[in-house]
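Novice: This is what each chain is made of:
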Amino acid sequence: MCDQTFMAATFGPCDSCGKASPLMNIYIKSEAINYCSFCVEMMACQQLQKGETLQSLKKESDSLKKKLEEERGKLNDVELHQVAEKVEVLSSLSIKTRRVLKGHGNKVLCVDWCKDKRRLVSSSQDGKAIVWDAFTLNKVSEISLSVFYFDSNAQNGLDNKCSVVPLSLDKNENLAAKKKSVAMHTNYVSGCTFTNSDMQLLTSSGDGTCALWDVESGQLLQSFHGHTADVLSLDLAPSETGNTFVSGGCDMKANVWDMRSGQNIQSFESHESDINCVRYYPSGDAFASASDDATCRFYDLRADREVAVYQKDSVIFGASSVDFSLSGRLLFAGYNDYTINVWDVLKGTRVSILFGHENRVSRVRVSPDGTALCSASWDNTLRIWA
Amino acid sequence: MSSSSSIVAMKKVVQQLRFEASINRVKVSQAAAELQQFCMNNATQDPLLTGMSSSTNPFRPQKVCSFL
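Chains as they are written, first to last, in full-length UniProt numbering: chain A, 1 to 386; chain B, 1 to 68.
The set of hints was computed from the structure by calculation and includes no laboratory data. Backbone N, C-alpha and C define an ideal beta-carbon position, used for all residues, glycine too. Treat each hint with caution, since some may be false.
To be verified - Quick look at which bits of chain B chain A covers, simulated, 3 or more residues with Cβ under 8 Å:
hint, stretch
1, 9–21
2, 24–32
3, 36–50
Please work from the sequences and hints to get the whole structure.
Specialist: Dropping the structure here:
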């Protein structure tokens, strides 16, 4: 009869769980591991490499973090503004308000340009989305929805869904009826964008994840996990063949993701507060972020580090939104102190301040052809600057 | 068991860090030079940077013609 009785040679606190119990004397690579039998089972089941414990993993993670910092530090041979010293200083810009779009009944939260470079669509807390003709200031159409944030015709709401509304030039068409719900998160949807093909929609959510959806079927194609708090913003890389996007959130991190694999490729953590907005540099090799810590920062993807900080002692209010001019030389940033600061991306200096709004600037967007900047504000208006 | 979930979580963190540590990086001087080059190459096509004349920019007020 098999009656196995183990004589426990030692009794004491387990190295892994700390409880006092009979220990199994195991030697792994001639190192004594004193675990209780339960922990040995756990180790086997979780396929931990021999000898991996919580402590060893913690040690490895700390040493990897240090190594990452060192590697990044080694390449920091010069600052961006030093390289840009030889560049001519920008002459003062003559950007002024050219149009004020009035019509919303409450805070305007979001705005985006249509690809035809003259129509704009904006959404407000009054529950309406308005399509404007920016040249004539005519309202092309008005849609009532529980809409709060959107990009290029896809609208997000605090009902955790993202819907797509096709916009057409036919004024008689009932657009609200054609609304189609595509994305479904477990918390509010904070940002969305169509991918290059227009057949897929990328969304970011207060539930800490980003997701890729098929517009036609509404099916979830890929989800992106890694943020440890609400994701507030995302932007798609500009290249036609590109398959990456950047997201920023309340965990103060900006993450770059591969859309096909769902893998988090790079992570940047230098902000001191929530990141409200992330936007790619036109070449796709860098991106900027706007944060509640009153700074905007510029990160280069190939150098894998922050290369510039746009801040001033006199700027103490959080930045809500950023966008680059066509060449990438200017960075427009909207702040909670009702202004828009224009920064010289290379030199790190402020070129201009745009005054005009009477409440927080919630979003800034440069037109697709680069001729104008549109800003949306909590003062219920939109302004076009050129 | 909380320690098992934290072990799993730590494993993920370590895997992610290993991945991030292995990517190829470029010196800041080189990256900065390329960013600058991009700006310079596209500066002339940037209307907000160079300023556009009233006739070509649809948003700027056009000079009104008046009959004498």
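Novice: Compare the structure with each hint and give your call.
Specialist: Here is how each hint holds up against the structure:
1. 9–21: Held - the stretch 9–21 of chain B has 10 residues with a Cβ nearer than 8 Å to chain A, which meets the minimum of three.
2. 24–32: That given contact holds, which follows from 8 residues of the stretch 24–32 of chain B lying within Cβ reach (below 8 Å) of chain A.
3. 36–50: It holds: at least three residues are needed, and the stretch 36–50 of chain B offers 12 whose Cβ sits within less than 8 Å of chain A.
Every hint from the earlier list agrees with this structure, and none is contradicted.
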